[in-house]
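As they're listed, the protein sequences go chains A and B. Those letters in the first sequence? Residues 2 to 112, by the working numbering. Those letters in the second sequence? Residues 59 to 177, by the working numbering.
No lab work stands behind these hints, which were simulated from the structure alone. Note that CB positions come from ideal geometry on N, CA and C, so glycine has one too. Treat the hints with care, as some may be off.
As the list claims (entries may be wrong) - To spell it out: a stretch of chain B is covered by chain A in this simulated footprint if at least three of its residues, at any positions, have a beta carbon under 8 Å from a beta carbon of chain A; those stretches are:
1) 133–145
2) 168–175
Unchecked claim - Partial chain A-side listing against chain B, Cβ under 7 Å, derived:
3) Pro40
4) Gly41
5) His43
6) Phe46
7) Phe89
8) Thr98
9) Phe102
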Amino acid sequence: GQQVMQIPQYQHVQEGEDFTTYCNSSTTLSNIQWYKQRPGGHPVFLIQLVKSGEVKKQKRLTFQFGEAKKNSSLHITATQTTDVGTYFCPLPNQAGTALIFGKGTTLSVSS
Amino acid sequence: DTGVSQDPRHKITKRGQNVTFRCDPISEHNRLYWYRQTLGQGPEFLTYFQNEAQLEKSRLLSDRFSAERPKGSFSTLEIQRTEQGDSAMYLCASSLRLAGNLEGRNEQFFGPGTRLTVL
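Same shape as in the complex, but just chain A (with noise of 0.2 Å):
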């Protein structure tokens, strides 16, 4: 079945570096989302990315859709504390009725 890895699992940075993290999926897929959930929180949505190669930025964060359909990743560029949490690229199921969550991406950031 389908299966996403997401690395790194874990990763500390100082406030105001850059960070990525990085998914990759065994099969091509017809999209991907991304997800934040804050310590103590619930996931949130963040974006959805559909086209081969698409690029999405929102604010610091740029999501990109690789041209085989098959990864992805978020740019956090000039990490503030309010970007603590982990990051979710879940995929569909083959039904594209569920999401398959991974164990993300946790980010951590000291000021």
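Assemble chain B onto chain A, guided by the hints.
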């Protein structure tokens, strides 16, 4: 508040007892999902409804778990004869899926969750 709500937020129960959780999705959303999340893990899919029909259940969902969405609005998740391994955060999410809109945005909106502790 027009977000997804869940009740209760916390539940402590003794092993062997039955518990029921409620989820109220965003009102116009036709899809509703239940997930379970334990510490250090991502949410694990349990089951999914389109309107009132339960269309998919995870193979990991034991027969002690049952979910309903009787009128296509709120949903309940019942766990019978709870076990200590059932301790987790139970998350509900909803989404709006338009017919034929295969690549449209179908993000899921999560509720705050119900934290279950089985003693």
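So, going through the hints one by one against the coordinates:
no., hint, verdict
1, 133–145, "violated (count 0)"
2, 168–175, "holds (count 4)"
3, Pro40, "violated, 11 Å"
4, Gly41, "violated, 10 Å"
5, His43, "holds, 4 Å"
6, Phe46, "holds, 4 Å"
7, Phe89, "holds, 6 Å"
8, Thr98, "holds, 5 Å"
9, Phe102, "holds, 3 Å"
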